[in-house]
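For this one, chain A is given, so just place chain B on it according to the hints.
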Amino acid sequence: QQQVKQSPQSLIVQKGGIPIINCAYENTAFDYFPWYQQFPGKGPALLIAIRPDVSEKKEGRFTISFNKSAKQFSLHIMDSQPGDSATYFCAASWVTGTASKLTFGTGTRLQVTL
Amino acid sequence: EAQVTQNPRYLITVTGKKLTVTCSQNMNHEYMSWYRQDPGLGLRQIYYSMNVEVTDKGDVPEGYKVSRKEKRNFPLILESPSPNQTSLYFCASSLIAGGLVPGELFFGEGSRLTVL
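Those protein sequence lines, which keep their order, are chains A and B.
Using my numbering, the letters of the first sequence correspond one by one to residues 1 to 114.
Using my numbering, the letters of the second sequence correspond one by one to residues 1 to 116.
Next up, chain A with everything else stripped away, as it sits in the complex (with noise of 0.2 Å):
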């Protein structure tokens, strides 16, 4: 039930596609869900992050859609750049006691070709 799990393990698209990530989950206590990015050789850093009463959000070129009944969530990198190649993970948030808990997916590695 603490599980988040995220799809596909890796990816490859052409400058301009747009790539897609999926996260699902079982928890219904989950109540918030952000994104991580990281790039080779360095630590994990926030790229967007929604909550479960939104069924999108955009910043920029990342998208975030939110399924709540399907319990389901991902990220959409629109005109994706080489800039972009990096790892993504979906984490997602939960309150237990006195304090939430951040369990994370496994990790997409994204590669962005010419």
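Some hints here could point you the wrong way.
[Unchecked claim] What the simulated footprint calls covered on chain B by chain A, stretch by stretch (three residues with Cβ under 8 Å from a Cβ of chain A suffice, anywhere in the stretch; the number is not a length): (1) 13–24; (2) 108–116.
[Unchecked claim] Below are the BS3-like pairs computed for lysine-lysine, each with C-alpha atoms no more than 27 Å apart in a straight line: (3) A/K58 with A/K101; (4) B/K57 with A/K42; (5) A/K42 with A/K68; (6) B/K17 with A/K101; (7) B/K71 with B/K18; (8) B/K17 with B/K57; (9) A/K15 with A/K71; (10) A/K5 with A/K71; (11) A/K5 with B/K57; (12) A/K42 with A/K101; (13) A/K42 with A/K71; (14) B/K69 with A/K58; (15) A/K5 with A/K101; (16) B/K57 with A/K101; (17) A/K42 with A/K57; (18) B/K18 with B/K69; (19) A/K57 with A/K5; (20) A/K42 with B/K18; (21) A/K71 with A/K58; (22) B/K69 with A/K101; (23) A/K57 with A/K101; (24) A/K101 with B/K71; (25) A/K68 with A/K15; (26) B/K69 with B/K17; (27) A/K58 with A/K15; (28) A/K58 with A/K68; (29) A/K42 with B/K71.
[Said to hold, decoys possible] Example chain A residues on the side facing chain B (calculated, C-beta under 7 Å, incomplete): (30) K42; (31) G43; (32) P44; (33) L46; (34) F104; (35) T106; (36) G107.
For the record, the hints were derived by calculation from the structure and aren't laboratory data.
Every residue gets a Cβ at the ideal spot worked out from N, C-alpha and C, and that includes glycine.
The following block gives chain B in isolation, referenced to the frame of chain A:
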């Protein structure tokens, strides 16, 4: 510059030789956490700390210890490392605010540990 600093960045050691990976943050964050990253397994939490002297187990705490004697520091201790602890380790910190714990996580650049 706001940052999370880990040391060492790279370490090769042998089974059973105690080691400590240090982590320090300069953002006055209450929350700190250690993760390990392994291929195909993503980021798994080892231990976390809500504040000084308050620590708790994450999902994979076996073989690790932590301490939080000061707000800015959160060292990870491997008392008797084994080869299955070969991994890439990340320290992260976050504010506790708005009922969300952790909030935005700020990660260090990672420590790659190899245990022979």
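Verification of the hints:
1. 13–24: Three-residue rule not met by the stretch 13–24 of chain B, so violated; n is 0.
2. 108–116: holds (count 3)
3. A/K58 with A/K101: holds, 25 Å
4. B/K57 with A/K42: Between B/K57 and A/K42 the Cα gap is close to 25 Å, so the pair holds against 27 Å.
5. A/K42 with A/K68: This hinted pair is violated, its Cα atoms lying about 32 Å apart.
6. B/K17 with A/K101: Outside the cut-off at roughly 32 Å; violated.
7. B/K71 with B/K18: holds, 24 Å
8. B/K17 with B/K57: The given pair, whose Cα atoms are some 23 Å apart, holds under the 27 Å limit.
9. A/K15 with A/K71: Violated. A/K15 to A/K71 sits at ~30 Å, over the 27 Å cutoff.
10. A/K5 with A/K71: holds, 11 Å
11. A/K5 with B/K57: Since the Cα atoms of A/K5 and B/K57 sit roughly 22 Å apart, the hinted pair holds (cutoff 27 Å).
12. A/K42 with A/K101: holds, 23 Å
13. A/K42 with A/K71: Given pair A/K42, A/K71 is violated - Cα atoms ~30 Å apart, limit 27 Å.
14. B/K69 with A/K58: violated, 40 Å
15. A/K5 with A/K101: Roughly 16 Å separates the two Cα atoms, so the pair holds.
16. B/K57 with A/K101: Measuring from Cα to Cα gives roughly 11 Å; hence the hint holds.
17. A/K42 with A/K57: holds, 26 Å
18. B/K18 with B/K69: Given pair B/K18, B/K69 holds - Cα atoms ~20 Å apart, limit 27 Å.
19. A/K57 with A/K5: holds, 20 Å
20. A/K42 with B/K18: holds, 26 Å
21. A/K71 with A/K58: Status holds; Cα separation ~19 Å.
22. B/K69 with A/K101: holds, 22 Å
23. A/K57 with A/K101: holds, 22 Å
24. A/K101 with B/K71: holds, 20 Å
25. A/K68 with A/K15: violated, 31 Å
26. B/K69 with B/K17: Holds, at about 23 Å.
27. A/K58 with A/K15: holds, 20 Å
28. A/K58 with A/K68: Holds - the C-alpha atoms of A/K68 and A/K58 are around 17 Å apart, at most 27 Å.
29. A/K42 with B/K71: holds, 24 Å
30. K42: holds, 6 Å
31. G43: OK, holds: A/G43 within 7 Å of chain B, min 3 Å.
32. P44: Constraint on A/P44 satisfied, holds at 5 Å.
33. L46: holds, 5 Å
34. F104: Holds: closest Cβ of chain B sits about 4 Å from A/F104, inside 7 Å.
35. T106: Holds, because the Cβ-Cβ distance from A/T106 to chain B comes to roughly 4 Å (cut-off 7 Å).
36. G107: Check passed: Cβ of A/G107 comes within 5 Å of chain B, closer than 7 Å.
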